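Colleague: Whole structure, please, built from the sequences with the hints as guidance.
The listed protein sequences derive, respectively, from chains A and B.
Each residue of the first sequence is one higher than the one before, counting from 1 in the numbering used here.
Each residue of the second sequence is one higher than the one before, counting from 1001 in the numbering used here.
Think of the hints as simulated: they come from the structure by calculation, not from any bench.
Values in this document were obtained by computation on a predicted structure and should not be read as measured data.
Cβ coordinates follow ideal geometry from the N, Cα and C atoms, glycine included.
Not one of these hints is a red herring.
Mimicking DSSO-like on lysine-lysine, the simulated pairs with C-alpha atoms at most 30 angstroms apart in a straight line are: (1) B:LYS1143 - A:LYS68; (2) A:LYS68 - B:LYS1144; (3) A:LYS71 - B:LYS1143; (4) B:LYS1146 - A:LYS71; (5) A:LYS71 - B:LYS1144; (6) B:LYS1020 - A:LYS119; (7) B:LYS1013 - A:LYS119; (8) B:LYS1066 - A:LYS119; (9) B:LYS1062 - A:LYS119; (10) A:LYS119 - B:LYS1144; (11) B:LYS1146 - A:LYS68; (12) B:LYS1143 - A:LYS119; (13) B:LYS1066 - A:LYS68.
The calculated label-pair distances, taken between Cβ atoms and stated as ranges, are: (14) A:ALA106 - B:HIS1150: 40 to 50 angstroms; (15) A:GLN66 - B:ASN1080: 44 to 54 angstroms; (16) B:SER1089 - A:ALA99: 35 to 45 angstroms.
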Amino acid sequence: MGNCLKINSSDDISLLRGSESVHRQNSGPLPMFQNEQYQQIFFPSPSTSIGHAPIAGHSQLSEEDQVKIAKRIGLMQHLPIGTYDGSSKKSRECVICMAEFCVDEAVRYLPCMHIYHVKCIDDWLMRSLTCPSCLEPVDAALLTSYETT
Amino acid sequence: MTAMSPSERRLHKELMSLIKEPPPGVTVDTESVQQNLSEWKLNIKGFEGTLYDGEDFQLLFKFNNKYPFDSPEVTFIGNNIPVHPHVYSNGHICLSILTEDWSPALSVQSVCLSIASMLSSCREKKRPPDNALYVKTCNKNPKKTKWWYHDDSV
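Modeller: Next up, the structure:
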């Protein structure tokens, strides 16, 4: 989890912040960087993976959309990223791009334990917060995992 | 081969596996695909023992550059459009995985299987009740239609 896009706020995402198993990144940016962080959230750079996230290329988003995107990205940050170690018997290929995983490639784990290339799944999650394979809603599962831990 | 976009790469992979191991009754019109990777014509046979036994249909798949994040546009084309409660006489298909229930884990193959199963489970050959009005007023692109999925029986 490289860039931290989390902002201290009282939105529903903050409910998830206690779940240690899911994230251990730094908790919010320093105040002096806050504007920069906002920029990053509201105008993410166009995606370079398959297709484009719906946000790409639109610099004039309504405030409501900007908040939606920021929340979405914040939520996605709670989904752990790992590297593919080749031992996973379940999935050998990313069903989104249909390419086989390479050892040490960055993969994102969804709560249902389905894995995808980070770029592939992030493009999809910006459109729909569901697992492409089992259609489980990602946000609901995140909240549940918080409640049970 | 020059650099393909991720969307083209995936289409290429799907095409190869569809040619190698096509689902039952499905064949790819390779000539159409060679001309344009974003428009595929597929032939699909009505299964034995169903109302469409012995019939041949043609499907047109159109992909945009956001595939597989965007669903393909799928219609029946040609002079034999199956008479089915979910297929309009202009070839538009009312099938939820083609719009709101689409997932990038689905593929041309899984769409073909869904359509084949939709045809196979049909018990009475008839057009949708609103066929005449829909065909007169709809957009050319079925993805622009706000479908109302209400019938899970066929």
